[in-house]
Amino acid sequence: MSYLDLKEPPRRESRLQACIARGGPLGEVAQRPLRCCIPDGERSFTQNSICLLLPALGTMNSIPGSVVLMHGGLGCGSSSHGGNAGVRAGNNQRWGVVKDGTWLSTGLTESDVIGGGEEKLAAAIREADRRYQPAVIFVVASCVPGIIGDDVDGVVEQVQPEVKAKLLPVHCEGFKTKIWATAYDAVYHAIGNVLLPEKEAVNASVSLTPTVNLMNMSSMGRVDEVELERLLTALGLDVNIFPVFADPDNMHKMARAQLSISTCPTHDDYMLEHLKEKYGIPFLLQHMPIGIENTGKWLRDVGKFFGKEAETEAFIAAEEQRLQAALEPLKALFAGKKAFVSAGEFRALSTAILLAELGFEVVGVRSFHHDEFADGEYEKLAKISGNDVELNIANVQPFEEANLLRRLKPDVFLGHMNGNATAAKEGITTHVIYNLGLHYVGYKGAFELARRLHRQLSNPRFNRNLSRWARLPYRKEWYEKSPFTYLKQAAIGGDQHE
Amino acid sequence: MSDYIERPRYTCALGGAIATVSALPDAIPILHAPSGCAGNFTWTQAGGCGLQTGGYCGGLSMPGSNVLERDVVFGGAERLEEEVTSTLEVMDGKLYVIITSCVTEVIGDDIAAVARPFRERGVPLIFAETGGFKGNSYHGYDLVLQSLLRDFAEKTEKKEARKVNLWGITPFLDPFWRGNLEELRRLLTGLGLEVNSFFTADDSVDGIRAAGSAALNIVVSDVYGMGAAEAAREVHGTPYITAPLPVGPSATDAFLRQVSRALGLPEEETEQLIQQENRKYYRFLENFTDCYNDMDLQRYVAVVGDANYAVGLTKFLADDLGWLPEVTATTDLLDETQTELLSRRLAELDSGLRPRVIFATDSSQIREATVAHWKTGNEPGNFYANPRSPAFVIGSSLDRELAKELGAAHLSVSFPVANRAVLDRGYTGYRGGLRLIEDLVSTIVIGR
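Residue numbers (numbering that gives the first Met the number 0), protein chains in the order written: chain A, 0 to 497; chain B, 0 to 447.
Rather than coming from a laboratory, the hints here were simulated on the basis of the structure. Owing to the predicted nature of the structure, the values given are computational and were not obtained by experimental measurement. Fair warning: there could be bad hints in the mix.
What the hints assert, rightly or not - No farther apart than 25 Å at their CA atoms in a straight line, the calculated lysine-lysine pairs in the PhoX-like style are these:
| no. | chain 1 | residue 1 | chain 2 | residue 2 |
| --- | --- | --- | --- | --- |
| 1 | B | Lys93 | B | Lys154 |
| 2 | A | Lys6 | A | Lys303 |
| 3 | B | Lys93 | A | Lys480 |
| 4 | A | Lys98 | A | Lys163 |
| 5 | A | Lys98 | B | Lys374 |
| 6 | A | Lys163 | A | Lys6 |
| 7 | A | Lys475 | B | Lys93 |
| 8 | A | Lys98 | B | Lys403 |
| 9 | B | Lys374 | B | Lys403 |
| 10 | A | Lys252 | A | Lys303 |
| 11 | A | Lys277 | A | Lys252 |
| 12 | A | Lys408 | A | Lys336 |
Stated by the list, open to error - Computed Cβ-Cβ distance ranges for the label pairs, DEER-style:
| no. | chain 1 | residue 1 | chain 2 | residue 2 | range |
| --- | --- | --- | --- | --- | --- |
| 13 | A | Pro281 | B | Glu80 | 32 to 38 Å |
| 14 | A | Gln285 | B | Ala420 | 56 to 62 Å |
| 15 | A | Lys487 | B | Val234 | 41 to 47 Å |
| 16 | A | Arg125 | B | Asp25 | 47 to 53 Å |
In this text, a Cβ means the ideal position worked out from N, Cα and C, and glycines have one as well.
Use the sequences and the hints to build the structure in full.
What follows is the structure, given as structure tokens:
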């Protein structure tokens, strides 16, 4: 049975044995399956992070003609205020129109918690359909309906015949999974079930130019899409990008491509498997096109699939030559500088490899979780940076990071959004590892990242000055303990369950 | 409330509690919540609070129990106890505050029972039950202040005649909270008062601990922090006064007189301060007068804001600056008493102007009503039309669409403020009035 036949996607803990707690040198984990989890309760001290609702909203709010209806407490999804700048910019970059996302909340109250919120949800769907006349309404379940037992799918089924918009139920009950990458599955699940055609309805007509699905589950902004389009077009391919900012009426085209290509293996396997299973579309899900060698590998896989090995090689050689020449003047400043990165697993690893390519010494890597897709990426990093790189699997947990930073003393730190303040307060030069307005991907991304790092390192005063006056909220005794004091970790390569 | 709220201009009670605790000096919030509530609020801050997030211990640095399905089934109290214990080992704070979420409130964890043994050992630990379904972020702010005043501020019979507590301005949810508090602190200090305002760089945990010895509590809001004022009266016997957020000279004159009367301060000293501040304020305006007139900078205005700003800004524009407020929309969830009070404030403007008053949570409804008001009495095609132009919209960044439709200039002041960086800027008091004029007029002349 396909996962899409289930009411909601399984947690990634069950589907992929994904986990969030590990600490130790890279050499301990490379070349063997990384098992790092005791299910639940991995740490006896934890800080907060995000839940799957947040990244799910990143994609849902981007869909043109959509309304996102949050069913939950009033605050769930207020993160959309943060995402809205990206929605406005994304709309502007693609269509020249600045437009806010439209998100709504059923704002469940104490009496709803007692009496149930299904009627309110049904009424809200009808009203949203009438007022905004959207093409689709994402009906999002957050924690409260998950506990009080509101049947969101039942409400959707009941109301769908009465409304014009297509209704997409999306399960984002934050307490159900600690792996927020489950978000990508939740959104793909809804799109797959509601917006993709029946197999029989797929037009078998073959276009002259081969077409590929380029998957972007908010892995990158428009500037990075443009770079990947450039690379794929150079191989003579037509590119359709899904699902961010994709018109819901065009999603069906996903079922007609010759190949699906992932941009980030952490994001896309759920949909790619579905496209293969249902429509017979093969897929590539091995490399992320961040870094020089990784971009080449990513592109070679595509070239090989279409039997264009020779022209791919020639293209890569020309690109690399041009890039290396451009990087040369920047590299002098990077030589011998220590770098530390922290982000989602694939992004952290591929960015670390890129930094090594730029001449940095990679001393530490933190990944927000671990699953099997990244095993190969650890091998690549060990090959270029050695086995001593300090590795920490952590769903953020800045206290472990603060401790590691004091030990490793990096010259530059690359962290995710809201993840650079710890290093900044320590006076370390920082740069954001993910920002929808900036280049990261492909050859252009490698150069632009190098250029930005060069700029940051040319005047690191902001953080240095701040560090003289701001202090981190940890006791001094904490820095004397092992950074992994509060980790309860399973034996490496051993059984995951004790 | 209708069946939904469109792009709510606030978050939940827990979000308000996070904002509040993370703004307290040397305080460590401990969330009893799923892992995502903190991230949700941090992203909310990044998008709506004038580029301010975090704090000493905010953002993703806040400790939390990260409750999961297992805790929902078996209860999360044990996990919370473990988390508090380890937090005390790792985190360096002078005050620890447990704040709770929808999930842990629905499952009914007994927080008081978890906190008790720590408190008995002398740990500076309090808690507030801030489940998101209990209300919005302003309510969460109020709940944390109530806990501070009930469970942290020491009780004393001895009141100090010239000591006051000041609140009613919500950290982060009012993106100008720091500047707003600082200016009012400055003025109250000018009256010879010692001020605890909880959240500025001049406040301290010791100051908060001694809040029970104040002679008066001052709430600069008609809505936010009322529960705390009542709690302090009940627990500490401290009387309180409330005032609308004082923006600009007229409202600030009235505010200072109100405080002075409530404390029985010498009238001549108060009047002296008011004179001095007004003299300074208008001295700054003196040099602006030519350009203000020559460039015809008076505007028709639509004000869209939370309960504090809707009234405070409208009064300043109508009574101090001499602009023409046409519409004032308040975006909070309010009860009948609150809407009556705010309506009354807006019907009592010294200038005699009477803006159309709207209470609505949804931007699209406010936009429709305001555009309709702008069109009223203006038939298109009339050569001698008398439209409400030139116009200005002072609201949040969600009101840019409205401004565009009216052909008006726009300034974000009320949450969400996505398109401005806010550090120490504030709009309260005399200096705040000057700041606001600078910002409004700079917006108009930016293309010059």
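Checking one constraint from the list: CA of lysine 252 of chain A to CA of lysine 303 of chain A, max 25 Å. Satisfied?
holds, 23 Å
Is lysine 475 of chain A within 25 Å of lysine 93 of chain B, Cα to Cα?
holds, 15 Å
Could one say that the CB atoms of glutamine 285 of chain A and alanine 420 of chain B fall in the range 56 to 62 Å?
Hint violated: Cβ distance 42 Å, outside 56 to 62 Å.
Hint check: lysine 93 of chain B vs lysine 154 of chain B, CA-CA at most 25 Å. Holds or violated?
Holds, at roughly 19 Å.
Quick one, are lysine 98 of chain A and lysine 374 of chain B close enough, alpha carbons at most 25 Å?
holds, 24 Å
Given the hinted pair lysine 374 of chain B and lysine 403 of chain B, is their Cα-Cα distance within 25 Å?
The given pair, whose Cα atoms are some 14 Å apart, holds under the 25 Å limit.
Glutamate 80 of chain B and proline 281 of chain A - C-beta distance against the hinted 32 to 38 Å
Distance hint for proline 281 of chain A, glutamate 80 of chain B is violated at roughly 52 Å.
Assess, step by step, whether the Cα of lysine 98 of chain A is no farther than 25 Å from the Cα of lysine 163 of chain A, and give holds or violated.
holds, 22 Å
Holds or violated: lysine 6 of chain A and lysine 303 of chain A, Cα atoms, limit 25 Å.
With Cα atoms ~37 Å apart, lysine 6 of chain A and lysine 303 of chain A exceed 25 Å; violated.
Satisfaction of hint between lysine 6 of chain A and lysine 163 of chain A, Cα-Cα up to 25 Å
Roughly 22 Å between the alpha carbons, so the hint for lysine 163 of chain A and lysine 6 of chain A holds.
Agreement of lysine 408 of chain A and lysine 336 of chain A with the hint, judged by alpha carbon distance not exceeding 25 Å
holds, 10 Å
Lysine 93 of chain B paired with lysine 480 of chain A [C-alpha distance capped at 25 Å]:
Distance of about 22 Å is within 25 Å: holds.
The structure is inconsistent with the numbered hints 2, 13, 14, although it conforms to all the rest.
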